[in-house]
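A.B. asks: Each protein sequence line maps, in turn, to chains A and B.
Each residue of the first sequence is one higher than the last, beginning at 26 in my numbering.
Each residue of the second sequence is one higher than the last, beginning at 26 in my numbering.
Heads up, a few of these hints could be off.
Because identical chains cannot be distinguished in the list, a pair is counted as satisfied if it fits within a single copy or across any two copies.
[Said to hold, decoys possible] The calculated DSSO-like cross-link candidates involving lysine-lysine, where the alpha carbons are at most 30 Å apart (straight line), are:
no.: 1; residue 1: Lys147; residue 2: Lys227
no.: 2; residue 1: Lys232; residue 2: Lys175
no.: 3; residue 1: Lys186; residue 2: Lys154
no.: 4; residue 1: Lys73; residue 2: Lys353
no.: 5; residue 1: Lys315; residue 2: Lys227
no.: 6; residue 1: Lys70; residue 2: Lys331
no.: 7; residue 1: Lys186; residue 2: Lys73
no.: 8; residue 1: Lys315; residue 2: Lys175
Because the hints were derived from the structure by calculation, they are not lab data.
There are 2 protein chains.
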Amino acid sequence: MVLERLIVVGVAFSMMSGVALGADDLQKRAQGMFKPVPHAAPVFKGNKATPAKLQLGKMLYFDPRLSASNLISCNTCHNVGLGGGDLQETSVGHGWQKGPRNAPTVLNAVFNVAQFWDGRAKDLMEQAKGPVQASVEMNNNPQRVVETLKSIPEYVAIFTKAFPGQKDPVTFDNMARAIEVFEATLLTPDGPFDRYLKGDRKALTAKEQEGLRLFMDKGCGACHNGVNVGGGGYFPFGVVEKPAGEIRPVADTGRFKVTHTASDEYVFRAPSLRNVDLTPPYFHSGKVWKLDEAVAIMGSAQLGIKLNNDEAGKIVAFLDTLTGRQPKVEYPILPPNSPTTPQSLLQ
Amino acid sequence: MVLERLIVVGVAFSMMSGVALGADDLQKRAQGMFKPVPHAAPVFKGNKATPAKLQLGKMLYFDPRLSASNLISCNTCHNVGLGGGDLQETSVGHGWQKGPRNAPTVLNAVFNVAQFWDGRAKDLMEQAKGPVQASVEMNNNPQRVVETLKSIPEYVAIFTKAFPGQKDPVTFDNMARAIEVFEATLLTPDGPFDRYLKGDRKALTAKEQEGLRLFMDKGCGACHNGVNVGGGGYFPFGVVEKPAGEIRPVADTGRFKVTHTASDEYVFRAPSLRNVDLTPPYFHSGKVWKLDEAVAIMGSAQLGIKLNNDEAGKIVAFLDTLTGRQPKVEYPILPPNSPTTPQSLLQ
Numbered sequence: 026m027v028l029e030r031l032i033v034v035g036v037a038f039s040m041m042s043g044v045a046l047g048a049d050d051l052q053k054r055a056q057g058m059f060k061p062v063p064h065a066a067p068v069f070k071g072n073k074a075t076p077a078k079l080q081l082g083k084m085l086y087f088d089p090r091l092s093a094s095n096l097i098s099c100n101t102c103h104n105v106g107l108g109g110g111d112l113q114e115t116s117v118g119h120g121w122q123k124g125p126r127n128a129p130t131v132l133n134a135v136f137n138v139a140q141f142w143d144g145r146a147k148d149l150m151e152q153a154k155g156p157v158q159a160s161v162e163m164n165n166n167p168q169r170v171v172e173t174l175k176s177i178p179e180y181v182a183i184f185t186k187a188f189p190g191q192k193d194p195v196t197f198d199n200m201a202r203a204i205e206v207f208e209a210t211l212l213t214p215d216g217p218f219d220r221y222l223k224g225d226r227k228a229l230t231a232k233e234q235e236g237l238r239l240f241m242d243k244g245c246g247a248c249h250n251g252v253n254v255g256g257g258g259y260f261p262f263g264v265v266e267k268p269a270g271e272i273r274p275v276a277d278t279g280r281f282k283v284t285h286t287a288s289d290e291y292v293f294r295a296p297s298l299r300n301v302d303l304t305p306p307y308f309h310s311g312k313v314w315k316l317d318e319a320v321a322i323m324g325s326a327q328l329g330i331k332l333n334n335d336e337a338g339k340i341v342a343f344l345d346t347l348t349g350r351q352p353k354v355e356y357p358i359l360p361p362n363s364p365t366t367p368q369s370l371l372q
Numbered sequence: 026m027v028l029e030r031l032i033v034v035g036v037a038f039s040m041m042s043g044v045a046l047g048a049d050d051l052q053k054r055a056q057g058m059f060k061p062v063p064h065a066a067p068v069f070k071g072n073k074a075t076p077a078k079l080q081l082g083k084m085l086y087f088d089p090r091l092s093a094s095n096l097i098s099c100n101t102c103h104n105v106g107l108g109g110g111d112l113q114e115t116s117v118g119h120g121w122q123k124g125p126r127n128a129p130t131v132l133n134a135v136f137n138v139a140q141f142w143d144g145r146a147k148d149l150m151e152q153a154k155g156p157v158q159a160s161v162e163m164n165n166n167p168q169r170v171v172e173t174l175k176s177i178p179e180y181v182a183i184f185t186k187a188f189p190g191q192k193d194p195v196t197f198d199n200m201a202r203a204i205e206v207f208e209a210t211l212l213t214p215d216g217p218f219d220r221y222l223k224g225d226r227k228a229l230t231a232k233e234q235e236g237l238r239l240f241m242d243k244g245c246g247a248c249h250n251g252v253n254v255g256g257g258g259y260f261p262f263g264v265v266e267k268p269a270g271e272i273r274p275v276a277d278t279g280r281f282k283v284t285h286t287a288s289d290e291y292v293f294r295a296p297s298l299r300n301v302d303l304t305p306p307y308f309h310s311g312k313v314w315k316l317d318e319a320v321a322i323m324g325s326a327q328l329g330i331k332l333n334n335d336e337a338g339k340i341v342a343f344l345d346t347l348t349g350r351q352p353k354v355e356y357p358i359l360p361p362n363s364p365t366t367p368q369s370l371l372q
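With these hints in hand, go ahead and build the complete structure from the sequences.
C.D. replies: Given below as structure tokens:
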């Protein structure tokens with residue numbers, strides 16, 4: 026009886042209000058296309074997150090001694106206080122060299138299909154090994170990293186604890202494994218859009234809901250969907266209209282450099298739009314600093330439509346609801362050098 | 026009665042053991058020369074530490090947007106995870122330029138008589154304004170810093186809260202005031218030597234106590250005393266014997282550059298030896314990486330004595346007891362840019 030009455034009330038309410046019905050539809054559509062950011066890190070097969078491994082991963086993430094110069098840590102370009110990015114067009118590394126692409130955020134990165142703009146690393150573990158060795162980034166090499174870590178008694182102890190039963194636990198791969206489990210904890214749940222997806226229709230304002238509707242109706246959601254509102258697949262940048270040369274530089278052919286397949290020219294992994302408000306500038310070139318501009322460029326380049334200012338403004342209002350609770354990280358106390366620890370190499 | 030008995034026991038115990046008597050003397054002498062690191066930050070006249078000001082100070086300390094490049098924060102060279110230093114000979118700043126001197130630790134720096142190796146800043150507030158403007162460090166200027174901070178609504182809000190009643194709270198001086206109160210909380214109490222000074226004679230091993238005795242008997246304590254075991258006064262580097270040119274470069278005349286007084290040539294503020302084990306390399310030139318070497322150089326340069334390996338080893342064992350509990354700092358979430366926030370300047 027109670028159930029029947031509830032249904033009747035429900036129907037009457039729906040009939041009374043077209044807006045409510047539309048909002049309800051919108052929420053259902055959104056729930057079919059996106060997922061909220063979970064509170065807990067996913068579990069990795071073969072790389073279990075133990076307290077010791079998490080602690081080690083955090084230490085390594087913040088330790089500039091992973092770089093040849095002892096100046097650059099993971100956190101330099103993927104700053105957990107700055108939305109997991111660095112506010113640079115393209116990152117600056119060893120010797121003040123400017124790198125080729127904008128730093129993707131580390132926050133929620135575990136939910137991306139693969140890592141880097143061109144997906145050349147299949148997971149966070151593989152990713153972690155890249156910048157350490159890149160000459161324009163940390164300019165180090167696995168042998169020197171292991172030599173550094175092995176020279177520091179406290180690191181040897183915590184590697185041994187984090188990788189029990191291994192004869193030689195201080196390895197470059199284990200470094201990457203520990204960083205992976207720490208990075209997987211850098212999640213931003215409970216943003217307005219997450220609350221909306223979980224059922225709280227009031228978590229988005231009317232304008233934000235209009236933005237969400239436009240985002241789905243105009244086709245943005247075709248590439249930007251799932252937990253990360255992006256990050257799930259590869260798409261050509263400039264499907265309909267080639268963006269200005271500055272925004273899509275000719276020399277950076279994207280995924281083509283990985284696959285050497287003609288159809289992958291200027292193909293990039295769609296970036297996650299989670300916390301996008303926190304991480305200007307935009308695109309792999311980092312040439313666009315304003316989010317409404319980036320939205321307008323996406324409209325013309327990918328969808329062949331001209332979004333007016335009102336539409337772009339609403340979409341930006343929706344995108345702002347993708348900013349979640351930023352991770353709390355206690356700054357790790359790093360173990361001291363020993364007399365045999367390699368010194369910084371600045372050249 | 027009970028008291029009398031205790032005294033008798035005490036005297037009997039002292040008489041029984043010359044070592045114990047010596048140890049007691051040693052502790053008393055040490056208590057007269059040094060003070061333990063307190064748990065709480067000192068109170069600044071005219072710069073009260075409120076929760077809002079402390080929060081703001083921490084944000085600013087970690088915010089690379091105080092630098093022109095948006096790449097360098099206070100924490101870059103004064104890393105709270107690395108004993109408050111940077112493990113560089115001399116710090117590296119804007120454009121990968123190598124600065125002139127080794128970064129002094131920020132930990133317990135509030136107890137120094139003045140800041141910088143030459144004492145040119147009378148306190149932490151004045152110090153904070155230096156690196157922000159130095160072309161080899163953060164290469165920024167007060168006007169651009171204020172423009173940046175004013176462009177970020179959350180900063181305007183927290184400056185307003187931290188400096189209530191001020192018409193224009195977002196100023197370069199207030200930036201420095203907030204950083205000062207935060208830095209004053211970066212203390213390392215409860216190290217073995219602190220516990221020893223507070224009465225726990227067993228906090229130092231026999232070898233460490235011998236090191237302490239040598240430290241006082243040989244004359245190290247003449248310059249390195251007080252809370253910071255140093256940091257309290259200015260002394261010529263090379264009183265008795267000029268250190269090798271690499272260690273005391275001819276061009277860096279120290280405090281002479283501040284006072285232009287002949288007697289201040291090669292005069293430097295005695296560095297604090299708190300947490301000295303964590304902060305190689307040593308001296309203002311950063312040319313000495315090993316603490317026992319630094320101790321031996323001090324012996325010959327300042328005291329005109331040759332410490333043998335055994336003596337230097339004992340003094341190093343004592344110096345290691347100056348490592349205290351490192352500060353717990355939750356990494357601050359920094360407020361996002363607005364569209365008017367100045368972009369990074371890399372040139």
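A.B. asks: How would you label the pair Lys73, Lys353 (within, between, both, or neither) given a Cα cut-off of 30 Å?
C.D. replies: This pair counts as both: shortest intra-copy Cα distance 21 Å, inter-copy 27 Å.
A.B. asks: Quick one: Lys186 to Lys73, C-alpha cut-off 30 Å, is that within a copy, between copies, both, or neither?
C.D. replies: The answer is within: 13 Å in one copy meets 30 Å, while 44 Å across copies does not.
A.B. asks: My question is about Lys232 and Lys175: at a cut-off of 30 Å on alpha-carbon distance, are they close within one copy, between copies, both, or neither?
C.D. replies: between (55 Å within a copy, 27 Å between copies)
A.B. asks: What label fits Lys315 with Lys227 when the C-alpha limit is 30 Å: within, between, both, or neither?
C.D. replies: within (27 Å within a copy, 62 Å between copies)
A.B. asks: Within, between, both or neither: how does the pair Lys70, Lys331 come out at a Cα-Cα threshold of 30 Å?
C.D. replies: Neither: 45 Å inside a copy, 59 Å across copies.
A.B. asks: Check Lys315 against Lys175 for me: Cα-Cα at most 30 Å, and say if that holds within a copy, between copies, both or neither.
C.D. replies: between (45 Å within a copy, 18 Å between copies)
A.B. asks: Given identical chains, is Lys186 near Lys154, meaning Cα to Cα at most 30 Å, within a copy, between copies, both, or neither?
C.D. replies: Within one copy only: 21 Å inside a chain, 43 Å across chains, cut-off 30 Å.
A.B. asks: With identical chains, the pair Lys147 and Lys227 could be close in the same copy or across copies; at 30 Å between alpha carbons, which is it: within, between, both, or neither?
C.D. replies: Classified as neither; 38 Å inside a copy, 54 Å across copies.
This entry does not satisfy hints 1, 6, going by the numbered hints stated previously.
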